[in-house]
Amino acid sequence: MGLLTHNMLSSNIRGVVNGFPLRIEAVKVVEKNVEMNTDFLKNMFEKIDWKAFVEASISMGYTELPKEADSSLLDSDDFLNRFHHALLELHLEEGALVCPETRRRFPVSKGIPHMLLHEDEV
Amino acid sequence: MWYLCVFFHRLLDYRKPEVESLAKLFGAFDDNQNDDVHPQLQWKLPLHHHPDSPFHLVNLPSEEIARNIANRSILVKGMYELWGEGGSYEELKDSILSYPDERKLPYLESNSTFRITVDTFGKVISLQEHKELIQGFTYIPFKGKVNLRKPEHNFWLIEIDNCEGNNGLPPVEQKRIFFGREVGAADRKLLPTYELKSRTYLGPTAMDAEIAFLMANQALATPGKLVYDPFVGTGSILVAAAHFGAMTMGADIDIRVVRDGRGPDRNVWSNFKQYGLEMPVGLLRADNNLPPWRPGLKEVFDAIICDPPYGVRAGGRKSGGRKLLKGAVEPYIVPDDKRTDHIPSTAPYSLVECVHDLLDLAAKMLVLGGRLVFFYPVLREEESPHNHFPEHPCFKLISSSEQILSSRYCRVLLTMVKIGPYTEEISLAARMQHLEFRENHVKWLEDGNLHSAVFSPVDAQLKETGDYKIKDSTKKYRGKYV
Ligand SMILES: C[S@@+](CC[C@H](N)C(=O)[O-])C[C@H]1O[C@@H](n2cnc3c(N)ncnc32)[C@H](O)[C@@H]1O
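Sequence order for the protein chains is A and B. The working numbering numbers the first residue of the first sequence as 1 and each following residue consecutively. The working numbering numbers the first residue of the second sequence as 123 and each following residue consecutively.
No lab work stands behind these hints, which were simulated from the structure alone. Fair warning: there could be bad hints in the mix.
[As the list claims (entries may be wrong)] Here are some chain B residues pointing at chain A (derived, C-beta under 8 angstroms):
#, residue
1, 268
2, 346
3, 375
4, 378
5, 380
6, 396
7, 398
8, 399
9, 400
10, 401
11, 404
12, 405
13, 408
14, 414
15, 415
16, 416
[What the hints assert, rightly or not] Have a look at the derived ranges for each label pair, beta carbon to beta carbon:
#, chain 1, residue 1, chain 2, residue 2, range
17, B, 312, A, 27, 26 to 32 angstroms
18, A, 71, B, 222, 26 to 32 angstroms
19, B, 193, A, 28, 40 to 46 angstroms
20, A, 72, B, 518, 31 to 37 angstroms
21, A, 16, B, 161, 42 to 48 angstroms
22, B, 320, A, 50, 29 to 35 angstroms
23, B, 387, A, 71, 38 to 44 angstroms
24, A, 18, B, 501, 41 to 47 angstroms
25, B, 312, A, 50, 44 to 50 angstroms
26, B, 165, A, 15, 53 to 59 angstroms
[What the hints assert, rightly or not] Calculated lysine to any residue pairs in the SDA-like style (CA-CA distance at most 20 angstroms, straight line):
#, chain 1, residue 1, chain 2, residue 2
27, A, 110, B, 490
28, A, 42, B, 490
29, B, 395, A, 31
30, B, 166, B, 212
31, A, 110, B, 396
32, B, 253, B, 312
33, A, 32, A, 62
34, A, 110, A, 120
35, A, 51, B, 416
36, B, 297, B, 283
37, A, 32, B, 207
38, A, 32, B, 421
39, A, 110, B, 386
40, A, 47, B, 483
Where is the CB? At the ideal position from N, CA and C, for every residue including glycine.
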């Protein structure tokens with residue numbers, strides 16, 4: 001699971017109000033090479049919740065993102081490189097995503113988060 | 123400028139929508155003045171031709187656009203700049219001679235290479251006749267060198283005879299001859315490369331490579347875009363989108379399908395790796411009936427492409443057991459020590475509900491102008507099935523392409539464009555509908571789920587008999603791949 005996916009997910013358990021962002025419990029983080037596409041990054045920049053993104057990258061061991069970012073940064077190659085790396089190249093292979101409200105753990109195994117709910121959570 | 127567009131005689135309903143979509147992708151409508159949400163190309167048929175004929179004329183703004191469309195298409199056999207046409211070889215000659223020299227001479231120069239191909243429809247000609255036809259072109263001043271293998275300029279002589287063609291179309295009343303310069307053609311070599319047989323990981327409902335490419339074209343998949351499949355299965359639809367350079371994301375309710383596959387290097391990831399394609403940016407296990415997206419997230423996907431679980435082969439499931447949804451049992455409280463490995467029980471997912479969820483997801487998560495491309499099953503006995511396609515205030519249906527699967531049912535590939543924002547009002551209505559489905563779940567299962575109930579048995583029958591017979595005798599040439 002990459003951080004783009006993480007930034008889109010929340011705990012949708014019935015009754016939960018603040019299911020976002022899910023806290024990352026990293027057991028195994030891997031890096032994958034992804035070719036950079038600036039258009040894609042620009043597209044995604046507007047959709048990202050930046051604060052949650054920075055926190056998530058820190059919990060994956062990457063600390064090179066600015067705390068705050070606005071679209072003027074998209075002209076900087078250095079920024080784009082970091083954004084690209086954090087958004088698409090860092091992957092949580094094993095671990096869990098934890099609901100901030102109920103502490104329910106959504107396991108991540110072989111890179112795939114299990115977002116299915118239990119019977120009593122639907 | 124008008125181009126002759128010759129199609130393969132396959133998947134007839136998919137041909138024009140593919141060209142229309144690629145025209146959009148390559149900017150044919152960029153100077154669309156009146157803000158038409160769905161501008162369309164102008165098409166003409168050659169004299170006396172049936173709409174299902176392989177021969178069409180299409181008006182495109184430039185040769186570059188014509189070339190881009192043809193080269194990326196799957197169903198365009200060739201796109202040609204017409205130099206002349208006629209009902210006889212004399213007429214053809216006059217027509218070619220009157221075509222402006224400044225359009226012809228640049229392709230006839232002495233330092234170029236060329237080839238003339240003769241293509242006859244409706245009759246077979248001998249090598250001798252073939253040679254004579256080519257030698258008949260002495261009135262065109264070809265100065266270049268012939269190169270049969272890799273010519274710079276490909277000229278085509280296309281003769282359509284007035285006898286009944288072997289593809290079963292009604293006979294054209296008059297012989298017609300075309301001469302043109304090829305500007306582009308589909309790269310069908312893609313198909314053997316991507317054929318399902320060669321996949322490291324295959325499932326019973328994996329999407330045929332040709333159809334998957336057509337879906338990716340309908341979705342305008344291209345670099346810089348994000349394409350989502352909520353019923354990703356083995357990933358075969360996303361593979362096609364990734365081939366065209368799009369970033370992909372997929373979800374499936376079945377963990378065995380989406381994570382385990384058939385072992386290491388035989389899973390969804392390996393289906394991308396095998397072709398050197400960019401891996402999906404995300405794969406997850408999720409239920410499309412209860413999507414896990416954070417509140418407020420919207421307009422992230424450029425396209426959603428899928429083959430939803432309709433009870434045809436792979437039946438849909440959704441979270442919450444059947445009895446539970448019916449209200450007959452109290453929810454089973456999963457003991458804490460069992461939670462991690464617990465496999466949540468799932469309930470059957472009806473067609474109506476599945477489509478409702480898909481449209482709601484797409485209405486919220488697609489960018490404006492983004493596309494929803496999905497299969498929808500139709501019973502062939504139904505009167506004018508076209509009235510039954512799902513509708514949504516955020517979407518405009520721009521094409522429906524039928525693929526006949528048996529004498530009893532077909533599936534229709536629907537392409538919808540998002541034309542309006544996902545408003546508070548629409549969101550509320552969708553929420554109400556969602557709850558109503560929950561309440562009426564069993565009822566829907568029994569009478570609202572007509573389609574999957576009817577389709578499942580057909581599938582078994584289909585495998586046994588290979589029965590693609592069609593009742594409508596006027597179109598006996600239609601079949602699974604036509
Ligand atoms: C027709 S198959 C699609 C196959 C896919 N196109 C492929 O290439 O393998 C439908 C898929 O939807 C999944 N599915 C069924 N119900 C679902 C649900 N409620 N949410 C998400 N996926 C579901 C099934 O596990 C199955 O893999």
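Evaluation of the provided hints:
no.: 1; hint: 268; in the structure: 41 angstroms, violated
no.: 2; hint: 346; in the structure: 3 angstroms, holds
no.: 3; hint: 375; in the structure: 7 angstroms, holds
no.: 4; hint: 378; in the structure: 11 angstroms, violated
no.: 5; hint: 380; in the structure: 6 angstroms, holds
no.: 6; hint: 396; in the structure: 16 angstroms, violated
no.: 7; hint: 398; in the structure: 11 angstroms, violated
no.: 8; hint: 399; in the structure: 11 angstroms, violated
no.: 9; hint: 400; in the structure: 6 angstroms, holds
no.: 10; hint: 401; in the structure: 7 angstroms, holds
no.: 11; hint: 404; in the structure: 3 angstroms, holds
no.: 12; hint: 405; in the structure: 5 angstroms, holds
no.: 13; hint: 408; in the structure: 4 angstroms, holds
no.: 14; hint: 414; in the structure: 4 angstroms, holds
no.: 15; hint: 415; in the structure: 6 angstroms, holds
no.: 16; hint: 416; in the structure: 4 angstroms, holds
no.: 17; hint: B:312 <-> A:27: 26 to 32 angstroms; in the structure: 40 angstroms, violated
no.: 18; hint: A:71 <-> B:222: 26 to 32 angstroms; in the structure: 50 angstroms, violated
no.: 19; hint: B:193 <-> A:28: 40 to 46 angstroms; in the structure: 43 angstroms, holds
no.: 20; hint: A:72 <-> B:518: 31 to 37 angstroms; in the structure: 36 angstroms, holds
no.: 21; hint: A:16 <-> B:161: 42 to 48 angstroms; in the structure: 44 angstroms, holds
no.: 22; hint: B:320 <-> A:50: 29 to 35 angstroms; in the structure: 42 angstroms, violated
no.: 23; hint: B:387 <-> A:71: 38 to 44 angstroms; in the structure: 40 angstroms, holds
no.: 24; hint: A:18 <-> B:501: 41 to 47 angstroms; in the structure: 46 angstroms, holds
no.: 25; hint: B:312 <-> A:50: 44 to 50 angstroms; in the structure: 39 angstroms, violated
no.: 26; hint: B:165 <-> A:15: 53 to 59 angstroms; in the structure: 55 angstroms, holds
no.: 27; hint: A:110 <-> B:490; in the structure: 34 angstroms, violated
no.: 28; hint: A:42 <-> B:490; in the structure: 17 angstroms, holds
no.: 29; hint: B:395 <-> A:31; in the structure: 16 angstroms, holds
no.: 30; hint: B:166 <-> B:212; in the structure: 24 angstroms, violated
no.: 31; hint: A:110 <-> B:396; in the structure: 18 angstroms, holds
no.: 32; hint: B:253 <-> B:312; in the structure: 32 angstroms, violated
no.: 33; hint: A:32 <-> A:62; in the structure: 14 angstroms, holds
no.: 34; hint: A:110 <-> A:120; in the structure: 26 angstroms, violated
no.: 35; hint: A:51 <-> B:416; in the structure: 14 angstroms, holds
no.: 36; hint: B:297 <-> B:283; in the structure: 5 angstroms, holds
no.: 37; hint: A:32 <-> B:207; in the structure: 56 angstroms, violated
no.: 38; hint: A:32 <-> B:421; in the structure: 26 angstroms, violated
no.: 39; hint: A:110 <-> B:386; in the structure: 10 angstroms, holds
no.: 40; hint: A:47 <-> B:483; in the structure: 16 angstroms, holds
Hint check: violations occur at hints 1, 4, 6, 7, 8, 17, 18, 22, 25, 27, 30, 32, 34, 37 and 38; the rest are consistent with the structure.
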